[in-house]
Amino acid sequence: VELFANRDDVKQILLAIAPEDEELVNIKWGPNLKFYNTKICFGGAERFDTVKKALELVNNDIDLIAVHDAVRCCLTKQWIDASFAAAAKTGAAILACPVAATIKQVKDNTIIKTVDRAGLYEAQTPQVFKAELLKKAYSNLANLDKSKISDDAQLIEALGEKVSIVQTDPSNIKITRQSDIAIAEAILKSRPKPRPKGPTGPYIEAQW
Numbered sequence: 001v002e003l004f005a006n007r008d009d010v011k012q013i014l015l016a017i018a019p020e021d022e023e024l025v026n027i028k029w030g031p032n033l034k035f036y037n038t039k040i041c042f043g044g045a046e047r048f049d050t051v052k053k054a055l056e057l058v059n060n061d062i063d064l065i066a067v068h069d070a071v072r073c074c075l076t077k078q079w080i081d082a083s084f085a086a087a088a089k090t091g092a093a094i095l096a097c098p099v100a101a102t103i104k105q106v107k108d109n110t111i112i113k114t115v116d117r118a119g120l121y122e123a124q125t126p127q128v129f130k131a132e133l134l135k136k137a138y139s140n141l142a143n144l145d146k147s148k149i150s151d152d153a154q155l156i157e158a159l160g161e162k163v164s165i166v167q168t169d170p171s172n173i174k175i176t177r178q179s180d181i182a183i184a185e186a187i188l189k190s191r192p193k194p195r196p197k198g199p200t201g202p203y204i205e206a207q208w
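Each residue of the sequence shown is one higher than the one before, starting from 1 at the first, in full-length UniProt numbering.
Treat the hints with care, as some may be off.
[Said to hold, decoys possible] Under the rule of at most 30 angstroms between Cα atoms (straight-line distance), these lysine-lysine pairs were calculated in the DSS-like manner:
#	residue 1	residue 2
1	K193	K53
2	K89	K39
3	K34	K130
Worth flagging that the hints you see were computed from the coordinates, not collected in a lab.
Build out the structure end to end from the sequences listed, making use of the hints.
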């Protein structure tokens with residue numbers, strides 16, 4: 001949250017959580033969220049359900065909407081800068097990393113073929129869109145096969161609109177397994193961290 005809250009160009013922050021996590025979130029991070037003027041909202045069963053609910057709370061004066069996975073804790077200010085700039089120019093932009101691994105298509109534990117990875121990118125977040133474009137994309141959600149939707153960029157693609165990418169690297173990791181935590185911690189520790197100048201929030205101050 002603090003990476004976005006410390007920006008002058010961010011007007012509103014919504015944190016979507018599961019209803020059953022509300023008490024825990026308020027106990028552990030309530031003061032920080034209030035300091036950063038972050039509003040909690042409740043998500044849905046699927047990612048698109050959560051974003052759809054959050055969109056209903058977006059202020060009318062918002063020009064760009066950034067959708068970010070909280071489990072991507074290694075995001076940098078530079079990547080946010082680049083994604084905001086790209087979306088302002090093209091209307092839709094996401095962070096993406098070139099696929100480096102060898103990809104196999106498998107059925108019944110048997111390799112069917114090796115997938116050509118040329119031109120393949122792993123989609124990351126934040127994914128940033130012109131507000132009206134994202135709202136239009138979600139109004140079209142009922143016409144799509146929801147079982148095949150895994151990110152917001154797909155909804156923009158379904159409208160026939162183009163989505164640009166900002167190339168990143170694997171360090172913008174998504175924590176999905178227990179082992180990912182150690183990797184993320186190592187990435188964060190490896191980065192230079194100069195003490196910020198001027199006023200700081202409680203989260204940043206605690207690091208010093």
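Which numbered hints fail: 1
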